[in-house]
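Place chain L on chain D using the hints.
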Amino acid sequence: MQEPGLYHILIVSTALFFIGVYGFFTRRNLVTLLMSTELILNSVNLNFVAFNKYLWPGRLDGVFFAIFIIAIAAAEVAVAIAIIINLYRSHKSIDVEKAEEMKY
Amino acid sequence: MPFSQVIFYLLAVLTLGSALLAVTSRQIFRAAIYLLFSLIGIAGIYFWLQYEFIAAVQIVVYVGGIVVLIIFSIFLTQQAGEQLPKQKIVRKLFSALAVFCGFALVLIQVLNHDFGVNDSMVNDASVATIGRQLLDVDKSGMALPFEVISILLLAAMIGCIVIAMRNRTVESIPGSETQTN
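Which chain is which? The protein sequence lines are D and L, in order.
Under numbering that gives the first Met the number 0, the first sequence has 103 at position 104, and the numbering climbs by one with no breaks.
Under numbering that gives the first Met the number 0, the second sequence has 142 at position 143, and the numbering climbs by one with no breaks.
Hints are supplied without guarantee of correctness; some may be wrong.
Stated by the list, open to error - Derived DEER-like restraints, expressed as beta-carbon distance ranges:
#1 D/E2 x L/E51: 13 to 23 Å
#2 D/G57 x L/A55: 44 to 54 Å
#3 D/H90 x L/M164: 12 to 22 Å
#4 L/P144 x D/K97: 30 to 40 Å
#5 L/M156 x D/H90: 16 to 26 Å
#6 L/M156 x D/V95: 39 to 49 Å
#7 L/N111 x D/H90: 29 to 39 Å
#8 L/M156 x D/E2: 42 to 52 Å
#9 L/V89 x D/K97: 20 to 30 Å
#10 D/A98 x L/Q82: 17 to 27 Å
#11 D/K91 x L/Q49: 42 to 52 Å
#12 D/K97 x L/S139: 27 to 37 Å
Unchecked claim - Take a look, some chain D residues computed to stay more than 10 Å from chain L by CB distance:
#13 A98
#14 E99
#15 E100
What the hints assert, rightly or not - Okay, derived cross-link-like pairs now, PhoX-like style, lysine-lysine, Cα gap no bigger than 25 Å in a straight line:
#16 L/K85 x D/K91
#17 L/K87 x D/K91
#18 L/K87 x D/K97
#19 D/K97 x L/K138
#20 D/K97 x L/K85
The hints are simulated quantities; they were obtained by calculation from the structure and are not laboratory data.
Idealized CB from N, CA, C, for every residue including glycine.
So here's chain D without its partners, still in its complex pose (with noise of 0.2 Å):
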């Protein structure tokens, strides 16, 4: 058995990143739809740390993208529970299926 590597963090966060997608394709909850958003976020974040780390260690860079993107997310999740409580209510449900029409 080897010392973890670059290798060992990709296939945890590739499987991190599928992991979401296939949240995403079974939830129909909103609110379990923007936490699969978050694990596929934090899998694109991972991978970027870990290039930093090992492919260029002498420079920033993915730290730097990492901070944005942790930025951007959070920024993200509150307009996105913004839309969801009102969306509940005006419709009384949070569920995909009954959210169909786009207009208030």
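Chain L only, in chain D's frame:
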């Protein structure tokens, strides 16, 4: 087996196991808690990679911010003890098949590709270096994206307030439905 190796595999198992539970659990509150553990596992992997700052950011923003926000929205939109409806077995089967095919395809590509791993471990990811380069206006500085992100956060905040407010003003003033649409 060296100690750091054991820690890496433990973190990987924690992350992937709780992520799997987060997308399959039928109780939505438990799914949120499993998501919390998965994000903590990813923060642990950042610590293992010796990027302490980004691990701290991960814990503060994701675990302390986003998961709490998700749990609040669950409380606001879900009846207590209510389970999510069961999915059709065909849908689950085909999703698992598609996901497995995609996973295998990506894994084959990744393992066959030679990334040319750089072994010179000169890692300077201290908070001082990150902060100095983040606000630098030199060639490798990140001042412009930093400002763009701050504008984006401001826009998102204003957007949230607008989205959350519109419904309440219509509901709270009786008889105002004729004036506002």
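Evaluated hints:
A hinted range of 13 to 23 Å holds for the C-beta pair D/E2 and L/E51, which are about 21 Å apart. A hinted range of 44 to 54 Å for the beta carbons of D/G57 and L/A55 is inconsistent with their spacing of about 22 Å. D/H90 and L/M164 have their C-beta atoms about 18 Å apart, which keeps the hinted 12 to 22 Å range intact. In this structure the supplied range 30 to 40 Å holds for L/P144 paired with D/K97, their Cβ-Cβ distance being about 39 Å.
For the hinted restraint 16 to 26 Å between L/M156 and D/H90, the CB-CB distance of approximately 25 Å keeps it satisfied. At roughly 26 Å, the beta-carbon separation of L/M156 and D/V95 lies outside the given 39 to 49 Å, and the hint is violated. A C-beta distance of roughly 48 Å is found between L/N111 and D/H90, which places it outside the suggested range of 29 to 39 Å. Range check, L/M156 to D/E2: Cβ separation about 44 Å, and the 42 to 52 Å hint holds.
Remark: the range hint 20 to 30 Å for L/V89 to D/K97 is upheld by a beta-carbon distance near 21 Å. Checking the proposed 17 to 27 Å range against D/A98 and L/Q82 shows it holds: the Cβ atoms sit about 20 Å from each other. Judged by the Cβ atoms, the range 42 to 52 Å given for D/K91 and L/Q49 holds: they are separated by roughly 49 Å. Between D/K97 and L/S139 the beta carbon distance is about 49 Å. The supplied range of 27 to 37 Å is therefore violated.
Every C-beta of chain L lies more than 10 Å from that of D/A98, the closest at about 12 Å, which supports listing it as non-interface. Under the 10 Å C-beta cut-off, the non-interface status given to D/E99 relative to chain L holds; the minimum distance is some 17 Å. Every beta carbon of chain L lies more than 10 Å from that of D/E100, the smallest distance being close to 15 Å; the non-interface claim holds. Between L/K85 and D/K91 the CA atoms are separated by roughly 20 Å; this keeps the pair inside 25 Å, and the hint holds.
A hinted pair counts as satisfied when its Cα atoms are at most 25 Å apart, and L/K87 with D/K91 qualifies at roughly 23 Å. Of the supplied pair hints, the one linking L/K87 and D/K97 holds, its CA atoms being roughly 17 Å apart against a limit of 25 Å. The suggested pairing of D/K97 with L/K138 is violated, with an alpha-carbon distance near 50 Å, which exceeds 25 Å. Distance hint between D/K97 and L/K85 is fulfilled; the C-alpha atoms sit about 16 Å from each other, no more than 25 Å.
The structure does not agree with the numbered hints 2, 6, 7, 12 and 19 stated previously, though it agrees with the rest.
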